[in-house]
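A.B. asks: Listed below, chain by chain, are the residues.
Number of protein chains: 2
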Amino acid sequence: MDNRAANLSGSATAKSIDALVTPTLLLDRGRLGRNIQRLAERAKKLGVVLRPHMKTAKSIDVACDVFPQGPGPITVSTVAEAAYFADHGFRDITYAVGISPASARRAMELCRRTGADVKLLLDCVDQADALARVREATGMTPSVLIELDCDYHRGGLRQDDPRLLDVANRVVAAGAKLVGVLAHAGESYGLNTPNALVKAAENERSAAVRAAEILRAYGHACPVVSVGSTPTAHFAQNLEGVTELRAGVYMFFDLVQHGVGVCDRDDLAISVLATVIGSKPENGWVLVDAGWMALSRDRGTANQQIDQGYGVVCDEKGRVLEDVIVAQASQEHGILSIRAGSGKSMPEMPLGSRVRILPNHACAMAAQHDFYSVVNGDSPKIETRWERMRGW
Amino acid sequence: MDNRAANLSGSATAKSIDALVTPTLLLDRGRLGRNIQRLAERAKKLGVVLRPHMKTAKSIDVACDVFPQGPGPITVSTVAEAAYFADHGFRDITYAVGISPASARRAMELCRRTGADVKLLLDCVDQADALARVREATGMTPSVLIELDCDYHRGGLRQDDPRLLDVANRVVAAGAKLVGVLAHAGESYGLNTPNALVKAAENERSAAVRAAEILRAYGHACPVVSVGSTPTAHFAQNLEGVTELRAGVYMFFDLVQHGVGVCDRDDLAISVLATVIGSKPENGWVLVDAGWMALSRDRGTANQQIDQGYGVVCDEKGRVLEDVIVAQASQEHGILSIRAGSGKSMPEMPLGSRVRILPNHACAMAAQHDFYSVVNGDSPKIETRWERMRGW
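Top line first, the protein sequences correspond to chains L and D. Counting from 1, one number per residue, gives the positions in the first sequence under the numbering used here. Counting from 393, one number per residue, gives the positions in the second sequence under the numbering used here.
Simulated from the structure, these hints should not be mistaken for lab results. Check before you lean on any hint, since a few could be wrong.
Unchecked claim - Under the rule of at most 20 Å between Cα atoms (straight-line distance), these lysine to aspartate or glutamate pairs were calculated in the EDC-like manner:
#: 1; chain 1: D; residue 1: Lys672; chain 2: L; residue 2: Glu383
#: 2; chain 1: D; residue 1: Lys672; chain 2: L; residue 2: Asp151
#: 3; chain 1: L; residue 1: Lys280; chain 2: D; residue 2: Asp558
Unchecked claim - Derived DEER-like restraints, expressed as beta-carbon distance ranges:
#: 4; chain 1: L; residue 1: Pro162; chain 2: D; residue 2: Gly582; range: 34 to 44 Å
#: 5; chain 1: D; residue 1: Glu632; chain 2: L; residue 2: Glu322; range: 44 to 54 Å
#: 6; chain 1: L; residue 1: Ala217; chain 2: D; residue 2: Asn584; range: 44 to 54 Å
#: 7; chain 1: L; residue 1: Pro162; chain 2: D; residue 2: Gly735; range: 22 to 32 Å
#: 8; chain 1: D; residue 1: Arg657; chain 2: L; residue 2: Glu316; range: 44 to 54 Å
#: 9; chain 1: D; residue 1: Arg483; chain 2: L; residue 2: Glu322; range: 42 to 52 Å
#: 10; chain 1: D; residue 1: Ala529; chain 2: L; residue 2: Arg319; range: 24 to 34 Å
#: 11; chain 1: D; residue 1: Arg550; chain 2: L; residue 2: Glu383; range: 44 to 54 Å
#: 12; chain 1: L; residue 1: Glu383; chain 2: D; residue 2: Val564; range: 37 to 47 Å
Bear in mind the structure is a predicted one, so any value in this text is a computation, not a measurement. Virtual Cβ for every residue (Gly too), placed ideally from N, Cα, C.
Same shape as in the complex, but just chain L:
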């Protein structure tokens, strides 16, 4: 596959992480490859198509590592992502956020322009009715998935909600094409035992399969039965009746997923490289130049068994400094300190020395940056630079 983005971004020609301006985002390509392979193998064993969610990586280069044979089916979270990946050759795209009339129209204009098939998500009759006007305005026939709510997480209909059939009928009446149902076990992020995760995956599966059965009983073919979240994708025991699996954060993993029990800390593929700019020995503090602007304000581990502050601190080579976390963050300052109660003391961190900080939430940390400096393991060598897209 040869449609990677050109890496021509000005003076960004650092060959070693030592030459990088900090704070900046690193991506370990070895770990990325391992994470990609792990879920690809699971999907194969479970007999489903993997439809990776690109909202975490937002990078054509990462997508090329996921699909070394050429573009495959993907999931996106914005119309801008759909356009970016369509412009890089992807054709089978699921836009997994409920539509407004305006976003549906933009998506169909994109399909007309690029030849991509962007599948739309909805869960109410108003959205279905709006598709008639979208079809008229764009001349395109939308493909539609009905959003299910398997765990009372956010949007979507319960599988046994009588409105499910109303919505399906109105999609057809609007002249759109009903292609299936989609469930996302968002509540699985709050779990932390294998048993609970296996149960959540089975609940997600059975809800989606049941909804498809109901629709089929009333004459809707419903070929697509789509499920997924990073935790349930890694704990599903069987996916009978499911046709495709979605996940996004699995490519990078993060401390939240580690707390859920889906990955080891050594699987985390991104980190922020930061420089020591001061210390306050009397408080046990070391100050670095990565604050929430570089790390994000995400505190997703705050409610887990181990609160990781604004992230776990590693040395410059990526080796975890046990119990050293980013305890506080302001816009461009991070305060490193020892986790309360650990009994350890802060390691020596002289002015100008560097650390890598692991993310609470990979999607949020990565979103604060415009590019990845791609490294491998503990080598300081920068293999390449990959740009990220952003916006809506």
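Given the coordinates of chain L, assemble chain D onto it according to the supplied hints.
C.D. replies: Positioned in the frame of chain L, the structure of chain D alone reads:
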């Protein structure tokens, strides 16, 4: 002043907010002007120079509204900000984050290239010593401020710390120019009564003035005595001995500042425009297309008397919908609901209708966006589009 950034950003030619792709950032220029004027008048009355912090707005166009007569003294939080404003004609810049040897060198290279005077901040002898090498490498003599810690907030030295004099002497020994001291009452964000804010401002003032007196007693001229935070800047009763005042979020204000007691909700100048994409009447939820990617993960009001969730919801014209907040946020979904315990019920919000969401923290919300659509009051008209800079 005529060095505004060219507004040539592709297809972004919307004339009305109705035509904007959501989620997107709005800036009310009338409110911006009022906020700018309010602090400019205070600084004048207090007899100090105002040195606005550009880390909130990160926009040359906002800077032009702050300085209609041409570039004045500014504060920045990254070397990239310093470079951006220097390239737009600003010369008197304070980089108000403690230096590493690498960032000091970049700042001095910027001074050499542009002729700007970028003042550096430090609080330890290792930083001071590093300046000798920076001077050697760049041929530039750094101007230096010593960071004070007036309220045990982050970095800096206490005004009575004996290291203050050591650091000052080492700055001089390194061949750099000691220009003064700088204090930031960061803990004032946690206050919420006028009395406490007045006291915090006086504490910030007296710490900075005392430090300058000590340095002068030992032969350091210390011409600059710099203080500031948005809350203390608005509550200082006198600034005797202080030469300059810094603040940044005052241009936009936000719900955190409203909770502290510095502004009214009607002063908030930025908001995210979002579109309704669904509802869950059984939960009292309305779903919009603004999640944490558009709003930021900032939950700065969580510890205030009134927790505003991920932001306060207004109608499309910017009128607050009382007790409607963004109760939950995922990457591209916001869940609107009534504040717990208010007894109200959710107003009607049909699919496709639009709302404006006020920020917990203006710096964090704005950082999620690449441009401002500039509006005025409740008019849907877009007056212009202003780009933001980002990165380090």
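A.B. asks: Does each hint fit the structure? Answer for all of them.
C.D. replies: Structure-based check of each hint:
{"no.": "1", "hint": "D/Lys672 x L/Glu383", "verdict": "violated (48 Å)"}
{"no.": "2", "hint": "D/Lys672 x L/Asp151", "verdict": "holds (14 Å)"}
{"no.": "3", "hint": "L/Lys280 x D/Asp558", "verdict": "holds (16 Å)"}
{"no.": "4", "hint": "L/Pro162 x D/Gly582: 34 to 44 Å", "verdict": "violated (51 Å)"}
{"no.": "5", "hint": "D/Glu632 x L/Glu322: 44 to 54 Å", "verdict": "holds (50 Å)"}
{"no.": "6", "hint": "L/Ala217 x D/Asn584: 44 to 54 Å", "verdict": "violated (59 Å)"}
{"no.": "7", "hint": "L/Pro162 x D/Gly735: 22 to 32 Å", "verdict": "holds (31 Å)"}
{"no.": "8", "hint": "D/Arg657 x L/Glu316: 44 to 54 Å", "verdict": "holds (46 Å)"}
{"no.": "9", "hint": "D/Arg483 x L/Glu322: 42 to 52 Å", "verdict": "holds (47 Å)"}
{"no.": "10", "hint": "D/Ala529 x L/Arg319: 24 to 34 Å", "verdict": "holds (31 Å)"}
{"no.": "11", "hint": "D/Arg550 x L/Glu383: 44 to 54 Å", "verdict": "holds (46 Å)"}
{"no.": "12", "hint": "L/Glu383 x D/Val564: 37 to 47 Å", "verdict": "holds (44 Å)"}
Hints 1, 4, 6 from the earlier list are contradicted by this structure; the remaining hints agree with it.
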